[in-house]
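The listed protein sequences derive, respectively, from chains R and A.
Start counting the first sequence at 1; every next residue gets the next number (this note's numbering).
Start counting the second sequence at 1; every next residue gets the next number (this note's numbering).
Since the hints were derived computationally from the structure, they do not count as laboratory data.
Beta carbons: idealized from backbone N, C-alpha and C, even for Gly.
Treat the hints loosely; a few may be bogus.
Claimed, not checked - One side of the interface only, derived from the structure: several residues of chain R facing chain A at Cβ under 10 Å:
(1) 1
(2) 12
(3) 16
(4) 18
(5) 51
(6) 59
(7) 61
(8) 63
(9) 81
(10) 82
(11) 83
(12) 85
(13) 120
(14) 123
(15) 124
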Amino acid sequence: MQEHVKEQINEIAGRYRTRRSAIMPALALVQETVDSLHGDILMEVANLLDVPEIWVFEVATFYEMFHTEPVGKFHIQLCTNVSCMLAQAEQLAQHLETKLQISRGGTTPDGMFTLTTVECLGSCNTAPVMMVNRDYHENLDEQRIDDLLVQFRQQMEH
Amino acid sequence: MNEKVLLRNIDTPGSHNLAAYQTAGGYRSVASALADFTPGELIELVKTAGLRGRGGAGFPTGVKWGFVPRDSGKPVYLCCNADEAEPGTFKDRALMENDPHMVIEGILIAAYAIGATTTYVYIRGEYTVSIERMEAAIAEAYSNGLLGENILNSGFSHDVHVHRGAGAYICGEETALLESIEGRRAQPKFKPPFPAVSGLYGFPTVINNVETLSCLPHIVERGADWFNSIGPERSPGPKLYCVSGLVRKPGLYELPMGTSLRELLDEHAGGPRSGRLKAVIPGGVSAPMIPANDIDIGMDFDSLAAAGSMLGSAGVIVLDDTACIVRVALRIMEFFNHESCGKCTPCREGNAWAAKVLRRLEAGRGQREDLDQLAFLCDGIFGNSFCALGDAAAWSLGAALKHFRDEFERHINDGKCPYH
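Kindly generate the complete structure, drawing on both the sequences and the hints.
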């Protein structure tokens, strides 16, 4: 773990009554710097916060946004909950599977894309919606998805 | 034209900045609250205003505050519930992204009333813009003497921190939210003790929703009588309605509490997309659906409860006559199955089982006994779990079966989904 990440985690831990409360913020910060939250890194977080490793492990494996397995450079999370489903999200999920040649939950062999279908992202008025890494993409259709995939590939080349 | 209260700044360029908020009169209410009110007077003001929690339960906010023991010598915490994840809901996101200082001002008023030293704003992890805007607004407030020590020379001090969620619907449940801030798996706890007595780290804690807190600056500024005069007597105030689904003008609408569902749909949201309404889910997928014939009903806590549904988070999902009720019910049960924390058996196993039966029905492989099976599962889940997640699932499925049994039967008789 990098020193500045450790410093940040220690600073955040000071906002809480217990260091255990800093497990979630620590995992979120560390995740930005590693491929996945594997066992060694969880141990490091536990040591830094001076808490049992199991406390870190149980948090890392409970919350959806913590990845204990690597995800692609672009993590595509397509909402398929009711409002998006009514806006044909299922067809878009199938379109993405065809375009990326992976099924949901999978990652492309080049490590570029991971595709997951997710629960409501809170953007139902602009359905269908997907989140790619930190950004929302709204009012989607197949054409818009194709354009975005081209854009993501270009971003990686530059 | 209805006056905008909660959304009054939303169209101002840079509305999320302190300068814009102060230009519009922001932070005057908290100045007034700190100078002119005792904490007890503020609690009375909010009780008199009749403000009820906008997170879904509709519990009177002032009464909730009143449960915090006074002068116990223990630290008191405030948590702002911004874990907005009820499908169909996007109101708190709009407030945090566009008017984060209004949320902070509301937090300060609540914190002063209950004597809290620290607030944690629990924002769902997916809301990256909300998190950035709230963190930036908190930093601005600190550097302008609106947070920290001796706020506005009142002698009152308060700290606010964002706690970022990580993708678990159950964190919206208040005891699960507290477990999550404590660094644990978000599994609801038995009540009592209620959080007001023993909450975060075992200390008195109040959990209020973003929209609830956002009402406070306006109540302080304009008074309890003004607030109380909007909407129904027992459920007053301005209200945000999130409209989505098969509707012509999906969006966020601010209207008085108690506005009729028909008016919301037809006069504001443009009506059902196909022109022919089938049903409406009025308060996020936890709220039982209402058939088209019953939409002459007030969108407030009591009217919807009397009709066997609930206002919930006011996530209004419109189903026109092209929507398949079995498919909608299936997707709702898949959601609850996915989000069940796994602690209670009826919820963990019952939702999975119900989703399996619905999947079979939607695929055209259903049998008559399946409908009895679903009713049996609803009975078994309802009332038998720690928190409301299982109840919501059972209630929601029960309403679909009750109002649209013919559609379920058609799937069985035709051996296929009539819509797909």
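Check your understanding: So which hints don't hold here, by number, going up?
Key -> 1
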